[in-house]
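**Student:** Here is what each chain is made of, one letter per residue.
There are 2 protein chains.
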Amino acid sequence: MSNKLIEPKILKGFQDTLPNTALQRKEMLGKLELVFSSFGFSPIDTPALEYTEILLGKGSNETDKQLFRFTDNGGRDVSMRFDLTIPLARFVALHQNELAFPFKRYHIAPVWRAEKPQKGRYREFIQCDFDTIGTESKTADAEVLGVISAALLKIAVGHQIRVNNRKILSGVLDSLNVKERSVSVLRAIDKLEKLGREVVEKELVEEAQLNPDAIQSVFRFIELSNSNLDSIALFNELTSFLSVSELGLAGVKELKEVYQRAQDFGCNIEDLVIDLTIARGLDYYTGTVFETKLKELPSIGSICSGGRYDDLASLYTKRRLPGVGGSIGLDRILGAMEELGTIKKKSSPAKVYVCVLDDMARQSSIQLASQIRTAGVPCEVALEPSALGGQLKYADLKGIELVVIIGSNEIANKSAPIKNLATKEQTSAISFSEIPKYILENFLK
Amino acid sequence: MSNKLIEPKILKGFQDTLPNTALQRKEMLGKLELVFSSFGFSPIDTPALEYTEILLGKGSNETDKQLFRFTDNGGRDVSMRFDLTIPLARFVALHQNELAFPFKRYHIAPVWRAEKPQKGRYREFIQCDFDTIGTESKTADAEVLGVISAALLKIAVGHQIRVNNRKILSGVLDSLNVKERSVSVLRAIDKLEKLGREVVEKELVEEAQLNPDAIQSVFRFIELSNSNLDSIALFNELTSFLSVSELGLAGVKELKEVYQRAQDFGCNIEDLVIDLTIARGLDYYTGTVFETKLKELPSIGSICSGGRYDDLASLYTKRRLPGVGGSIGLDRILGAMEELGTIKKKSSPAKVYVCVLDDMARQSSIQLASQIRTAGVPCEVALEPSALGGQLKYADLKGIELVVIIGSNEIANKSAPIKNLATKEQTSAISFSEIPKYILENFLK
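Chains as they are written, first to last, in my numbering: chain R, 605 to 1049; chain Y, 605 to 1049.
Keep in mind that the hints are not guaranteed to be accurate.
[To be verified] Derived pair list, reagent style EDC-like, types lysine to aspartate or glutamate, alpha-carbon separation capped at 16 angstroms:
#  : chain 1 : residue 1 : chain 2 : residue 2
1  : Y       : Lys-720   : R       : Glu-1005
2  : R       : Lys-630   : Y       : Asp-817
3  : R       : Lys-616   : Y       : Glu-942
4  : R       : Lys-1028  : R       : Glu-1005
5  : R       : Lys-860   : R       : Asp-879
6  : Y       : Lys-613   : R       : Asp-681
7  : R       : Lys-608   : Y       : Glu-657
8  : Y       : Lys-608   : R       : Glu-611
9  : R       : Lys-613   : Y       : Glu-740
10 : Y       : Lys-897   : Y       : Asp-834
11 : R       : Lys-635   : Y       : Glu-611
12 : R       : Lys-720   : Y       : Glu-1005
13 : Y       : Lys-949   : R       : Glu-702
14 : R       : Lys-922   : Y       : Asp-875
15 : Y       : Lys-630   : R       : Glu-637
16 : R       : Lys-949   : Y       : Glu-702
17 : Y       : Lys-857   : Y       : Glu-740
18 : Y       : Lys-1049  : Y       : Glu-988
19 : R       : Lys-635   : Y       : Glu-637
20 : R       : Lys-616   : Y       : Asp-681
21 : Y       : Lys-997   : R       : Glu-702
22 : Y       : Lys-616   : R       : Glu-1005
23 : R       : Lys-630   : Y       : Glu-637
24 : R       : Lys-997   : Y       : Glu-702
25 : R       : Lys-798   : R       : Asp-915
26 : R       : Lys-613   : Y       : Asp-681
27 : Y       : Lys-669   : R       : Asp-676
28 : Y       : Lys-616   : R       : Glu-657
29 : R       : Lys-669   : Y       : Asp-676
30 : R       : Lys-616   : Y       : Glu-611
31 : Y       : Lys-860   : Y       : Asp-834
32 : Y       : Lys-922   : R       : Glu-1005
33 : Y       : Lys-635   : R       : Glu-611
34 : Y       : Lys-950   : R       : Asp-834
35 : R       : Lys-758   : R       : Asp-875
36 : Y       : Lys-795   : Y       : Glu-784
37 : Y       : Lys-899   : Y       : Asp-915
38 : R       : Lys-950   : Y       : Glu-702
Think of the hints as simulated: they come from the structure by calculation, not from any bench.
The following block holds chain R by itself, in its conformation from the complex (with noise of 0.2 angstroms):
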């Protein structure tokens, strides 16, 4: 063995996550988790390396490009996920007989793209999906609204979901004779917030290839969208507007349908929004589509998105599986939390650190903190006695606020006091068998 030391690099594009950010991180999905599961969602996994044939499916260009992929030693043709789409729609495929239907699940892992790297986009993250799949009921997309309502009340992040349904814009498109072309039209309006109706108006001639009467009727529905109508009032002008389209007004009643109920689901009704211009970018979408705002930074885009879709496996069964899901951006979301200053640098877990003084005070220390612990509050213990300042200074590093201090004295008089660190006040002696509940009492409540 030589000993020239190996560069510690990593990969270009990838990421290691120190304390900080995995403790934030564990800390969100937990909450997320603890929602999906209060709703019935259960949790799946599959495997990182699938067949290259099952992940490229209908086969863009695109995708292939972005796959991490190779020939293992056995000579297959294999592929990292590049999402959590795909294996779910194999997943189902593959264990239907095992399944109760509806089948509702979360999936939460990472997935792997080789993009070009950029600014806050990296070739390995987390995702974040929950699906309701086999079943047609609209009642699903209600309760998926939901689950985002309740999981992101329950991060604390202000929000406002956005709903529509494809329906009605293919059915606008229908009355006006387009819907051949409704693909490009629909690619068209999704960018309307982005870039601007002049944008938009230019995209709608050149791709969509609508005529002017056409395009003024686009606008003028999507003028429907922001005219602060209350929802019974938009319904209303909506079946009138699309009274020449059975799809539009199946759209308008799916709709309707799917706000209503989503507040017996726990909607705040101030955060559910009617928004005719969402449609979404891909193309599976067939029903309810959605996407997810931050009340206090809009401009980071849809931290939530999803929607209904006719047939999730196509691909892979013959057995038609309907469906409807959302996915959680995580990492969008702790990027702003983190730009709105509503998290706590920490780098550790523990609430609690037991500075030790000398060596007298040693086993007391180790025992004091496994009493703290087992009063459920998480602790560290000084492996060896040192001088306070450098322990104080540990402690303030990892963001440990509450520091116990025990040397010899405290030994002697079996108490010891406690120094909050955020605060800089200490308190006086607190005996060591008072002191885990002192904590939770006086610092933790």
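Guided by the hints, dock chain Y onto chain R, whose structure is given.
**Tutor:** Just chain Y, lined up with the frame of chain R:
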């Protein structure tokens, strides 16, 4: 797009995690994380892909063959991580100036090995490691034993931690003048329990080339371990056995300290056993070594092993980083619990299912389910009304024990009965507003 279906198969040696297993694993991981956190260990994560050069490090042929290795689109030689130890070493070397030492971290993440798949061994599995880095303090070793004890108590598996110190074995070899063959001797001894005395003796002659006197000494030493002496008497015997070896005496002193200190960290003395034959296969352990067995199923082998090492990251940095840590075998524990029948078959996290018998009952059912959730009880509600039989079957399939049954009669009386699918008992009708409290007090205490 052709209509030919793609077969929804997965790669050999890989597996999907279905809800039942995923729920069990999540529950266990949640408990382990609580314990790690309670001792002040912080989570971290590292990329699934690393430069092959980093992962190969010392570069054994055996490791090389196990790698999922390929050239990425940028022409880099990359591999999927095959353990969490090398990524930890690379991580600490890279971030040493951002971390506070002693650095206490845990890491729960999948690893990939291109091994021949066998029963119970997969090419992708989750590792669960925790370590304290950057301290020589034997208190850290004792704390690691405390963590294991607390973790296994938390997941309710009866266990026995068997602890030793490599310096004691090295001291024995030292006193026999076979130090330069120590790796072969330790490897042989490590096989004693599994393969018996005869095999080990043969290996000591053939591989380690010990003479009969030395072999007799080795076995006299091993017998000390089986002598049923109490710990104080054992330490005295060891001190006299090893009186000619400074290294051996240092090992006895360390083992004594760790054994005694572990109790301050909450280790139950009955579950902590000194076992002088434990060497651990890996060459890099230099002090404390331990294994952990299930009391009720010792045959499955060690469920948590580890030890102290002199220098974690010498391949990547000149800074010496001694440390101590352990690795918990999740799949082995889950397998054992399954074998012992201590886990429930359950594919839903929900504890309550609200059946909906007719259209009239829908809104109230959804609202009641929301209230049950608000009370902290996971609850799934039927998306569409249907016959009771099918709904009961669905709840039972998913392992949801409690069912609230709501139809138009129940709506009229604003009260509904609760059926326990495990006992087949059904309560009389309970007022809607009382149901969440009733469930908490009568079924979930």
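**Student:** Run the distance test for Lys-857(Y) versus Glu-740(Y): straight-line Cα separation, threshold 16 angstroms.
**Tutor:** holds, 14 angstroms
**Student:** Would you mind confirming whether the straight-line C-alpha gap from Lys-922(Y) to Glu-1005(R) stays at or under 16 angstroms?
**Tutor:** It is violated: about 33 angstroms lies between the C-alpha atoms, which goes past 16 angstroms.
**Student:** Given the hinted pair Lys-616(Y) and Glu-1005(R), is their Cα-Cα distance within 16 angstroms?
**Tutor:** violated, 49 angstroms
**Student:** Straight-line Cα separation of Lys-860(Y) and Asp-834(Y) no greater than 16 angstroms?
**Tutor:** holds, 12 angstroms
**Student:** With a cut-off of 16 angstroms on the C-alpha distance, tell me whether Lys-608(R) and Glu-657(Y) pass.
**Tutor:** Given that 16 angstroms is the threshold and the Cα spacing comes to 13 angstroms, the pair holds.
**Student:** Check whether the Cα positions of Lys-949(Y) and Glu-702(R) lie no farther apart than 16 angstroms.
**Tutor:** holds, 13 angstroms
**Student:** Under the criterion that the straight-line Cα-Cα distance not exceed 16 angstroms, is the pair Lys-613(R), Glu-740(Y) satisfied?
**Tutor:** Roughly 27 angstroms between the alpha carbons, so the hint for Lys-613(R) and Glu-740(Y) is violated.
**Student:** Against the 16 angstroms threshold, does the CA-CA distance of Lys-922(R) and Asp-875(Y) hold or violate the hint?
**Tutor:** The hint is violated at about 55 angstroms.
**Student:** Lys-669(R) and Asp-676(Y) were given as a pair; does the straight-line alpha-carbon distance stay at or below 16 angstroms?
**Tutor:** OK: Lys-669(R) and Asp-676(Y) at ~11 angstroms, within 16 angstroms.
**Student:** Does the alpha-carbon distance linking Lys-616(R) and Asp-681(Y) stay inside the 16 angstroms limit?
**Tutor:** holds, 13 angstroms
**Student:** Between Lys-630(Y) and Glu-637(R), is the straight-line Cα distance small enough, at 16 angstroms or below?
**Tutor:** The hint holds at about 10 angstroms.
**Student:** Decide if the proposed pair is consistent with the structure: Lys-860(R) and Asp-879(R), CA atoms, cutoff 16 angstroms inclusive.
**Tutor:** holds, 12 angstroms
Checked against the numbered hints given earlier, this structure breaks hints 1, 2, 3, 8, 9, 10, 11, 12, 14, 18, 22, 25, 30, 32, 33, 34, 36, 37; the rest are met.
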